[in-house]
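K.L.:
What follows is the residue order along each chain.
2 protein chains.
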Amino acid sequence: MSGLDGVVARIGAPDDAARQAAAERQARLTKPAGALGRLEDVSVWAAGVQGRCPPHPFARVRVVLLAADHGIAAAGVSAYPAEVTAQMVANFLRGGAAVNVLAHHNAAGVRVVDVGVAVDVPGADASMKVRRGSGRIDVEDALTAAELDAALSVGLRLADDEADAGTDLVIPGDMGIGSTTACAAVVAGLLGVEPEAVVGRGTGVNDEGWRRKVDAVAAAVRRADRLETPLDGLRSLGGADLAAMTGLLVGCAARRTPVLLDGVVSATAALVAAAVAPAATAWWLASHRSTEPAQQAALAHLGLEPLLDLGLRLGEGTGALVALPLVQAAIATLAEMATFDEAGVSDRDG
Amino acid sequence: MSGLDGVVARIGAPDDAARQAAAERQARLTKPAGALGRLEDVSVWAAGVQGRCPPHPFARVRVVLLAADHGIAAAGVSAYPAEVTAQMVANFLRGGAAVNVLAHHNAAGVRVVDVGVAVDVPGADASMKVRRGSGRIDVEDALTAAELDAALSVGLRLADDEADAGTDLVIPGDMGIGSTTACAAVVAGLLGVEPEAVVGRGTGVNDEGWRRKVDAVAAAVRRADRLETPLDGLRSLGGADLAAMTGLLVGCAARRTPVLLDGVVSATAALVAAAVAPAATAWWLASHRSTEPAQQAALAHLGLEPLLDLGLRLGEGTGALVALPLVQAAIATLAEMATFDEAGVSDRDG
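Protein chains in written order, with numbering that gives the first Met the number 0: chain A, 0 to 349; chain B, 0 to 349.
Same shape as in the complex, but just chain A:
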């Protein structure tokens, strides 16, 4: 047993008094009401999840980067060979990837966890590895019931680790060749939409690759057509990374740790996590709209509107790190701007 049910039951709501105080403070700052647009909403969210007004800048941000392989990669659904997953894990550990560069510039940490890479990467933390590559979802389940449970437990444990370490904002990162195919399958399976509507170009497949991907997702959804719960979808169509991330998202909400979602992998995990734990959604902020239609479908279903729309499709947590300075700007303006009274500026007429 992953203990998920008990964790779900502990999820509370963000602090409504802090949210209200933030909204009221926004109205007194020396700017026209609403002139900072979405940043004002973000500042109110930050006040709520931190339980104080004004909120502090997020000072201990961590990317929890979950790496795993996907058996479906063998179906030719990616522009890159499957060994890139392990190679990129090594790249993360050496600090050469986009996530490392962006985390460094945001003073954020990166914790790389191998939850399902096909091989062992020297130096990588494989202590929470659930299996070596998920099942090939067009012909078999991604995970067994025991593996699903183990992966969810890994995510819950990571959420506890981060909360205990004082992390004040978690960014779920991902790496895994084939993962966007698994995401499309989970989203198609759970939302009941056609594969064509949720399959994207992933790492950049051509038209033939996209067609193979659609066929793989269609076969997977057909095979798994008796999903009784959202967790069945995760087990049958997802993978170790998606399952661990689902646990991470639920666990963070239970520990009152806010989460800045990234791309299609975190949106897919969020879709499952919200189905299991609707109250968790209030702890998440969507950072960017990726080019993957499954991400857009999942965010729309969750009612989450992303901050950025820059055509990002890299994963790793990079889109969330690109958006992080906007969150900090939202907090800084709420916390540090003068009010009309303080500045002796006339408020609006009438």
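For the record, the hints were derived by calculation from the structure and aren't laboratory data. One or more hints might be untrue.
[Said to hold, decoys possible] Which residues of chain A face chain B? A partial, calculated answer using Cβ under 7 Å:
{"no.": "1", "residue": "Q19"}
{"no.": "2", "residue": "A22"}
{"no.": "3", "residue": "A26"}
{"no.": "4", "residue": "R37"}
{"no.": "5", "residue": "V83"}
{"no.": "6", "residue": "L92"}
{"no.": "7", "residue": "A96"}
{"no.": "8", "residue": "L101"}
{"no.": "9", "residue": "T228"}
{"no.": "10", "residue": "R254"}
{"no.": "11", "residue": "G310"}
{"no.": "12", "residue": "M336"}
{"no.": "13", "residue": "V344"}
[As the list claims (entries may be wrong)] If you anchor each label on the Cβ, the simulated ranges turn out as follows:
{"no.": "14", "chain 1": "B", "residue 1": "A8", "chain 2": "A", "residue 2": "E193", "range": "57 to 65 Å"}
{"no.": "15", "chain 1": "A", "residue 1": "R27", "chain 2": "B", "residue 2": "A8", "range": "43 to 51 Å"}
{"no.": "16", "chain 1": "B", "residue 1": "D308", "chain 2": "A", "residue 2": "E82", "range": "54 to 62 Å"}
{"no.": "17", "chain 1": "B", "residue 1": "D308", "chain 2": "A", "residue 2": "P80", "range": "30 to 38 Å"}
{"no.": "18", "chain 1": "A", "residue 1": "A196", "chain 2": "B", "residue 2": "D124", "range": "53 to 61 Å"}
{"no.": "19", "chain 1": "A", "residue 1": "G75", "chain 2": "B", "residue 2": "E341", "range": "51 to 59 Å"}
{"no.": "20", "chain 1": "A", "residue 1": "A26", "chain 2": "B", "residue 2": "E341", "range": "48 to 56 Å"}
{"no.": "21", "chain 1": "B", "residue 1": "T228", "chain 2": "A", "residue 2": "T280", "range": "49 to 57 Å"}
{"no.": "22", "chain 1": "A", "residue 1": "E193", "chain 2": "B", "residue 2": "E23", "range": "33 to 41 Å"}
{"no.": "23", "chain 1": "B", "residue 1": "H103", "chain 2": "A", "residue 2": "E193", "range": "44 to 52 Å"}
{"no.": "24", "chain 1": "B", "residue 1": "L190", "chain 2": "A", "residue 2": "D308", "range": "20 to 28 Å"}
[To be verified] Residues from chain B that keep clear of chain A, each with C-beta distances beyond 10 Å, as calculated:
{"no.": "25", "residue": "Y79"}
{"no.": "26", "residue": "R110"}
{"no.": "27", "residue": "A123"}
{"no.": "28", "residue": "T143"}
{"no.": "29", "residue": "D148"}
{"no.": "30", "residue": "V192"}
{"no.": "31", "residue": "A196"}
{"no.": "32", "residue": "A217"}
{"no.": "33", "residue": "R225"}
{"no.": "34", "residue": "R255"}
{"no.": "35", "residue": "T280"}
{"no.": "36", "residue": "L303"}
These numbers come from a predicted model, not from an experiment. Cβ atoms here follow ideal geometry from the backbone N, Cα and C, with glycine treated the same way.
With the hints as your guide, set chain B onto chain A.
P.N.:
Chain B alone, transformed into the frame defined by chain A:
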């Protein structure tokens, strides 16, 4: 004479070799080609305007904030009384405004220049003041020919000041009750579009205020219907801030200083500056889409696609400061990520 023609003749193009080198380097970094979306384009732009690949993070960023009053404020086109212009200048000098907070967090400087405020603000630099409030454009020209010339000269001088001081990125900031009405008039006059299509809510006018604003713009454009040059539009419908900013944008291009545009005031000045000096456009990046339709019309005409769309409508240079970390992220990923060869990561199949 402002000397504008001579400055226009000195505008060169960004460095094409650096741009090409940046585009080629993007293709070798450990990520799928194009996976950083718009950030990749921004990194190529930065390489071009800096003339080197990889480009450096912008390290000496300055907001040049031009404050001026607009006679049209008397027509009831703003939600705030006209004295707010001077009060906000005082707020800028004390560091209490949004532009101060955001500049501080981006290690950017703010230079506040009174080019046309109706009163003198203690402590403000009024040495380049062109006049006290622009003419009420529904019944008279905003500026005389001599004042237009003086304001353009102020902008050119500020561009030289910044280039001489080593500023490596200029953000044009603005403050002036009534300025969005002047912008709508200039854009409507130059592009020949209906006032209704370019008049926005500015600081947040209600329906009656919006109607007064449309009427004011319509009256202004009708009055000034024999504009022979874009500079005529600036003189007749604009104001001291818009004219000085036009000079600033042209001058920065001549000095090879890149500019991160902000909201409707800088987009309107850019529209005029590009009409006078088409080559200047390559030196500018659009930071955000504001809620002012005149900004959207001007940027579309210039072929500039903004990075952000967050419903910002504050001016002061704030939108550009919110977007600045994205520009820095684009540069950092290009400069610091490992290449496929360095990291031993397999490039895409075929």
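K.L.:
Decide, hint by hint, whether the structure agrees.
P.N.:
Status of the hints after comparison with the structure:
no., hint, result
1, Q19, "violated (21 Å)"
2, A22, "violated (16 Å)"
3, A26, "violated (12 Å)"
4, R37, "holds (4 Å)"
5, V83, "holds (5 Å)"
6, L92, "violated (11 Å)"
7, A96, "holds (6 Å)"
8, L101, "holds (6 Å)"
9, T228, "violated (33 Å)"
10, R254, "violated (28 Å)"
11, G310, "holds (3 Å)"
12, M336, "holds (6 Å)"
13, V344, "holds (4 Å)"
14, B:A8 x A:E193: 57 to 65 Å, "holds (58 Å)"
15, A:R27 x B:A8: 43 to 51 Å, "holds (50 Å)"
16, B:D308 x A:E82: 54 to 62 Å, "violated (39 Å)"
17, B:D308 x A:P80: 30 to 38 Å, "holds (37 Å)"
18, A:A196 x B:D124: 53 to 61 Å, "holds (57 Å)"
19, A:G75 x B:E341: 51 to 59 Å, "violated (28 Å)"
20, A:A26 x B:E341: 48 to 56 Å, "holds (51 Å)"
21, B:T228 x A:T280: 49 to 57 Å, "holds (55 Å)"
22, A:E193 x B:E23: 33 to 41 Å, "holds (39 Å)"
23, B:H103 x A:E193: 44 to 52 Å, "holds (50 Å)"
24, B:L190 x A:D308: 20 to 28 Å, "holds (26 Å)"
25, Y79, "violated (5 Å)"
26, R110, "holds (19 Å)"
27, A123, "holds (15 Å)"
28, T143, "holds (30 Å)"
29, D148, "holds (33 Å)"
30, V192, "holds (24 Å)"
31, A196, "holds (21 Å)"
32, A217, "holds (23 Å)"
33, R225, "holds (35 Å)"
34, R255, "holds (26 Å)"
35, T280, "holds (21 Å)"
36, L303, "holds (15 Å)"
The structure fails hints 1, 2, 3, 6, 9, 10, 16, 19 and 25 (numbered hints given earlier, in ascending order).
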